Amino acid sequence: MNLSLDWSVLPAALPFLLQGMGFSIALLVVSLLGGLLLGTGLALMRLSSNVLVSSFAAAYVGIFRSIPLVLAIFWCYLLVPMLIEAVRGVHTPIGPMYSAFIAYAMFEAAYFCEVIRAGILSVPRGQTGASLALGLTRAQTMRHIILPQALRTMMPLILTKSIIIFQDTSLVYVISVSDFLGAATKIGQRDSRLIELYLFAGVVYFILCFAASKFVEARTHRKVAT
Amino acid sequence: MNYHWDWSVFSQLTITTVDRYWQWMLSGLALTVLIALLAWMFALALGVLLGIARTVPFRPARVVVGAYVEVFRNIPLLVQLFFWYYIAPVFLSLPWQAVINTAQPVLVQTVTAVLCLGLFTAARVCEQVRAGIEAQPKDQFSAALALGLKRRQAYRYVILPMAFRVILPPLTSEFLNVFKNTAVVLTIGLLELTAQSRQVGEFTGHIFEAFIVATLLYFLIAQTVSRLMGRLERRLTIPGESGGGR
Numbered sequence: 001m002n003l004s005l006d007w008s009v010l011p012a013a014l015p016f017l018l019q020g021m022g023f024s025i026a027l028l029v030v031s032l033l034g035g036l037l038l039g040t041g042l043a044l045m046r047l048s049s050n051v052l053v054s055s056f057a058a059a060y061v062g063i064f065r066s067i068p069l070v071l072a073i074f075w076c077y078l079l080v081p082m083l084i085e086a087v088r089g090v091h092t093p094i095g096p097m098y099s100a101f102i103a104y105a106m107f108e109a110a111y112f113c114e115v116i117r118a119g120i121l122s123v124p125r126g127q128t129g130a131s132l133a134l135g136l137t138r139a140q141t142m143r144h145i146i147l148p149q150a151l152r153t154m155m156p157l158i159l160t161k162s163i164i165i166f167q168d169t170s171l172v173y174v175i176s177v178s179d180f181l182g183a184a185t186k187i188g189q190r191d192s193r194l195i196e197l198y199l200f201a202g203v204v205y206f207i208l209c210f211a212a213s214k215f216v217e218a219r220t221h222r223k224v225a226t
Numbered sequence: 001m002n003y004h005w006d007w008s009v010f011s012q013l014t015i016t017t018v019d020r021y022w023q024w025m026l027s028g029l030a031l032t033v034l035i036a037l038l039a040w041m042f043a044l045a046l047g048v049l050l051g052i053a054r055t056v057p058f059r060p061a062r063v064v065v066g067a068y069v070e071v072f073r074n075i076p077l078l079v080q081l082f083f084w085y086y087i088a089p090v091f092l093s094l095p096w097q098a099v100i101n102t103a104q105p106v107l108v109q110t111v112t113a114v115l116c117l118g119l120f121t122a123a124r125v126c127e128q129v130r131a132g133i134e135a136q137p138k139d140q141f142s143a144a145l146a147l148g149l150k151r152r153q154a155y156r157y158v159i160l161p162m163a164f165r166v167i168l169p170p171l172t173s174e175f176l177n178v179f180k181n182t183a184v185v186l187t188i189g190l191l192e193l194t195a196q197s198r199q200v201g202e203f204t205g206h207i208f209e210a211f212i213v214a215t216l217l218y219f220l221i222a223q224t225v226s227r228l229m230g231r232l233e234r235r236l237t238i239p240g241e242s243g244g245g246r
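These protein sequence lines are chains A and B, in that order. Residue numbering for the first sequence follows the numbering used here, beginning at 1 and increasing consecutively. Residue numbering for the second sequence follows the numbering used here, beginning at 1 and increasing consecutively.
No lab work stands behind these hints: they were computed from the structure.
Covered, in the sense of this in silico footprint (three residues per stretch, anywhere, with C-beta under 8 Å from a C-beta of chain B), are these stretches of chain A:
1. 64–72
2. 173–187
3. 200–210
Residues from chain A shown here face chain B by an in silico Cβ test under 10 Å; the list is partial:
4. Met82
5. Phe166
6. Ser213
Predicted model, so just to flag it, every value in this text is computed and none were measured. Glycine included, C-beta positions come from ideal geometry on N, C-alpha and C.
Model the full assembly from the supplied sequences, consistent with the hints where possible.
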């Protein structure tokens with residue numbers, strides 16, 4: 001084995017790596033919030049009695065769930081600047097970061113749509129009838145009765161998915177954004193210490209995701225026990 | 001928008017003046033399917049073995065496999081791929097490194113991709129198999145042993161056939177994930193479907209046409225796989241057995 005590891009590059013690289021981690025977490029938060037918001041909208045559309053609306057949502061989900069995230073990232077990298085230009089009329093360079101935010105929110109929305117739809121369908125039908133009988137409108141029923149329960153039922157799935165999304169944020173590598181892995185790659189290439197940086201990145205991802213998954217597991221079990 | 005649509009680009013000759021662009025797309029599709037199928041077969045074989053190992057009454061086996069699952073599930077696929085491609089060869093002996101360095105790059109990349117995706121997916125398959133086995137009532141085991149079957153036979157003829165029927169739907173979605181995950185291998189230089197469509201887009205200047213075709217092809221793959229798995233599920237359903245796990 002002809003391997004000599006030199007970890008002395010790490011301390012100096014930490015601030016940049018931390019900045020990268022900041023972006024990874026920001027991307028996670030945006031995908032979660034954007035994905036849940038869009039996903040709820042899509043779920044409601046899918047459950048709509050209007051065939052046009054529900055089939056649009058079905059097509060959206062069907063397409064986004066069959067393409068790789070990498071392709072979705074490329075799509076948005078290409079489309080978002082064009083759309084902004086079409087709307088504003090002038091060329092507006094926004095950088096790959098914002099198109100990544102949009103790509104992740106749109107992509108995860110398709111997954112969350114399915115989760116929330118299942119959550120909504122898991123709420124007994126009688127509840128809708130009861131709340132309508134109490135004088136709530138359909139929108140109020142959805143907003144105050146059905147959705148809170150649907151989200152609560154699906155919380156374990158949403159939390160587990162968050163860990164996977166966090167891991168998937170590393171894919172912005174393909175459009176050269178400096179997330180945690182991107183930052184590690186850039187430092188590693190600059191100092192020709194790619195092996196050390198990738199090993200370090202792997203260990204950090206492992207510790208974070210392992211801790212998070214244990215936390216989710218403990219939380220889910222406690223909920224079931226009570 | 002003043003984008004000029006031209007779907008005939010796919011029939012144009014590429015810069016090699018031998019192939020046409022549709023052949024590039026097709027070779028990308030072929031590589032995606034090839035890597036996904038090989039990785040899936042590997043993952044299925046390994047994952048089933050590991051899943052069984054997680055349920056046997058032998059603690060060391062359960063602990064080792066549990067550690068395997070945690071490691072492969074909690075590190076991003078891209079980091080794992082970089083590990084196998086850039087780091088793992090360093091740990092090999094020099095003769096083996098020489099073999100890798102002199103072999104066809106595409107072959108090395110493909111093998112790495114299959115290995116990486118296979119090991120990654122095996123951890124997920126393992127958890128599904130374990131869940132399927134644990135979903136079987138404990139009495140099934142006792143009954144099988146009481147009938148004189150050995151532990152091995154009890155797994156083979158009683159527990160696993162039932163467990164597989166239960167986990168067929170989640171396995172289907174893992175199978176679909178393998179196809180999507182193959183796109184990651186473009187980062188080590190393999191021209192699978194996504195990379196190939198980007199290349200066609202860059203050479204022709206018609207990136208939208210290329211991406212639309214790639215998107216449709218991925219959609220087609222997903223539809224085909226879920227159709228086939230649905231058919232398999234219906235065929236395996238045991239009449240009267242609570243609707244076959246649905």
